[in-house]
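Q: Okay, here's what each chain looks like letter by letter:
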Amino acid sequence: MNELTENPAAATDVFPILEKSAKDLRVIGAQRHLSLSDVEWAAIQGHFKTLKREPSLAEVETIAQTWSEHCKHKTFTSPIRYTEGKKTRSIKNLFQETIVAATEAVKKPWCLSLFTDNAGVVAFGKKWALAFKVETHNHPSALEPYGGAATGVGGVVRDILGVGLGAKPVLNTDTFCFGRPDFKGPLPEGSHHPMRTLRGVVAGVRDYGNRMGIPTAGGGIWFDDEYRLNPLVFCGTVGIMPQWAVKKEVKPGDLIVAVGGRTGRDGLHGATFSSANLGADAPSSAVQIGHAIQEKRVLDALLAARDKKLYGSVTDCGAGGFSSAIGELGADCGARVRLENAPLKVSDLDSWEIWLSESQERMVLAVPPRSLKALEAVFAAEGCELAVLGEFTKTGRLEVMHHSSVIVDLDMKFLHKGLPRIERAAVWNTPPAVKPAGGVTKKAGDALREMIGHLNVCSREWVIRQYDHEVQGGTIVKPLQGVRHDGPGDACVIWPHAATGDMEDFSCFAVGHGLNPDYGRIDPYWMAMAAVDEALRNLTCVGADPARAALLDNFCWASPEDPKQLGALVRAAEGCRDAAKGFGAPFISGKDSMFNQSKDEKGKDLAIPGTLLISAVAPVPDGRKAVTMDFKGPGNALYLIGRTNDELGGSLYHRILGRTGGDVPKVSPAAAIDGFKALHAAMNRGHVLSAHDLSEGGLALCAAEMGFTGEFGCLLDLDECPRDPRIYSNETLLFSESPSRILVEVKPENESAFLRHFGKSTKSAMVRRVGQTTANPILKVTGLEGSTCLEEPLKELKETWQAPLPRILG
Amino acid sequence: MSVKIQPTNVHLIEVKLRNEFNDAEGAAAFALLKEQGLSSLKEVRTGRIYEVSGALSASQAHQAGKDLLCDAVTQEFRLVPASPAPMNGMNFWRVEVWLKPTVSDPVGATVIDAIAEGGLPRPTGVRCVHLYLLNGRAVKAQIEKAVAKSLANPLIHRVVVTEAHP
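Top to bottom, those sequences are chains A and B.
Take the position in the first sequence, starting the count at 1, then add 269; the result is the number in our numbering.
Take the position in the second sequence, starting the count at 1, then add 27; the result is the number in our numbering.
The hints are simulated quantities; they were obtained by calculation from the structure and are not laboratory data.
Given the structure is predicted, the values throughout are model-derived calculations rather than measurements.
It is possible that part of the hints are untrue.
Said to hold, decoys possible - In silico DSS-like links for lysine-lysine, alpha-carbon gap of 25 Å or less:
hint, chain 1, residue 1, chain 2, residue 2
1, A, K318, A, K614
2, A, K868, A, K747
3, B, K176, A, K868
4, A, K614, B, K127
5, A, K871, B, K172
6, A, K453, B, K61
7, A, K871, B, K176
Stated by the list, open to error - The calculated label-pair distances, taken between Cβ atoms and stated as ranges, are:
hint, chain 1, residue 1, chain 2, residue 2, range
8, B, A143, A, S674, 31 to 39 Å
9, B, A82, A, H754, 29 to 37 Å
10, A, D874, B, A55, 30 to 38 Å
11, B, A82, A, D576, 39 to 47 Å
Glycine included, each C-beta is placed from N, C-alpha and C at the ideal position.
Looking at chain A on its own, in the form it has when it is part of the complex (with noise of 0.2 Å):
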């Protein structure tokens, strides 16, 4: 036994709940924010009884913080009785059978670290490894837009230095869901306004990435009402470090050291809360202002420090503080630390607030003692703070002091194993075939002209002017692209000669997203098909190989204790299963967020959408061959790549006329991949001058923004669109979504080589030569009768596409 064990009653602040009843007990778990549920108290309460002793404060805030949603993903680990129609069965770890199963069938060897660390990584090439990472931060900019979306970024860019050894970040993602920020309905008291949250979250994410010198140069928005309240998040930073950087240690005997800002009372109880509804009671210390000059000073000494190898493991202090980084670093060894050494900012912090406290830039090192010297030096030349709080040991247990008391002395198995699993019951009961109906019919072009202005594609370029894309001078695809600069890129291409410092080695990588919850409003299954489909196709258009894709995933939910909420979120999952295991695409990390509901106006629960966030990064093995979406000269060929099924059902043309029901667009991997990896073969050799994917609205919008942007016009027959045969319609043909289609422009010398690439090699891709671009800047369409179907000036559609956001948002 240890000399903390057997003086357990030294430990302070005793926190007594051995003798209460579980109403108690929920009720002081309510007063404190531990979000801890009636089987969990009863876990604690048990272990606690067979120590024959009370916990101190600190432990059950430990506990608390360890086995938050947030930390342990409660959700995703738990085992699920699930109910599909008349069928029931048992799930035991929804995440081990889904995302970890198809990763483990696709079993790809470039894949160097999976779900264990703070980001996933691949390989890059021989000598370099990609780290990647999306963090959500809902529940925070949702109280304080700007600083909660300012620490998502700094939050998701100290996950790529907490990851291996550390890597160092070379682009920013992100992607928002919000209300229509002209919402004009009433909202509860307390809650921002959509357009409030909008300009907050994306003066946070600029500010931050600005300040750090990381481009950001990836990721979109979705509007619609019912994020009004729950706007969501995603934060994304790739890294790139030397492959042998990749693995960490930590061994008994490592000095734990702090580093980076110091620790105050601010974000407390940030983990718990993300376990919990939102509501008006959220307590004001989980919300933070980051300070980036400082994470910039982190990152510096870190990356220097790795290099000379001063450090055996390193994390970072996100969600839990000290209690999280230091317990999760420790959890197979034990750790002793001593509180009194952890530099703060303010003096009157009780020994709890400064354990938990989730003040932001702060890492933890796992540091052998001859090296601290050194390692000290190293910061010091950044002028950045570090202080060593104890050591690692190997005693299993984590014991914390502050001066002579004991307020932690834990046994990491309990911490870290001991939440009890609770089955939740899941229910999901498929829609039945609804044919289309209702709404107003409306001419082609008065369609197209309503669905370009529409939120949900209209131009970025407000929000993407205002973030630094071309700091450190590696993004070959911009954000915005064509002889303007100003149209929709599909995914950013990015060289990253400036984290390696070689010129010569044009390797690059691209990042693209794939997000539609009007698609899981019918079936969540086929949102998440659609979502990776929709990811890799916007790698393939730019130039990265698909055949080398990882995805990440991020699940947005209500809450999961309503069975209907998680037997959704179960459908999602296995559509992301058989999705990677189709498109032998590995996950390779990701995170949930759950409790995304709150209380509206008149009291009643307010759930966002399902929401799927997939990002795919993959190489683009030669950048200077990448592709981007404008039209490049007048005279060349259209190629249609990807077949036309009647299923407009979630689609924005039906979203326009008010049409409800009809068949959500349906995947089919096999066919989806050849077809990419066909057009990556025909860019590689150089036989591609543009590329864009159909998503929203279509063909009809997608061709008019490769025109718009490139400034040429196009001529489309729509009677030699690859489609279903049973199509007798021009707006079906002209809107629909179908997945894994792309419009490909191609020189009319090429048109040959270019078709041998879809030959027999790719048994299931589709491609017809559908048109072909003009000089002058006008959409023609021939419809299926043979007459014009649809004629619109570029130069108007482009003003209506460029409209919306300037004239709302000032």
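Put chain B on the given structure of chain A with help from the hints.
A: Structure of chain B alone, referenced to chain A:
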């Protein structure tokens, strides 16, 4: 051993753009307040107040304001007196947006380091306050409500609205 206790002073250093310069931040704040119903507003000018605590004397605070916190070409600064501003500010309002004490202040932290690097005594604390000078007919309660919905977040900010000189 004798311990020398440093006196603690608190100085408010106010920095704002000279009136002859266009205030883009003020124009943005003006638009936001108009959106919130302050339709009679004519102009908003912005500035910063640095609340500097520590052993700095008034002349040292003046030096920090002059050498560090103020751009002599485009901005002007003053040490705000401890006594309240005279109340003859018909249609002129002063809005101060303070971060609550539990919220960290990165700008303040940077200013502490910068003052010390400038050779002055290291402050024990600096808080940075956003200052908005409003010109236009309005009622205090109306301003407080509009500011809470546009320029400040009651969760992390404390807002002080007073009538003020132009």
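Q: Taking each numbered hint in turn, which are not upheld by the structure, reported in ascending numerical order?
A: 1, 2, 9
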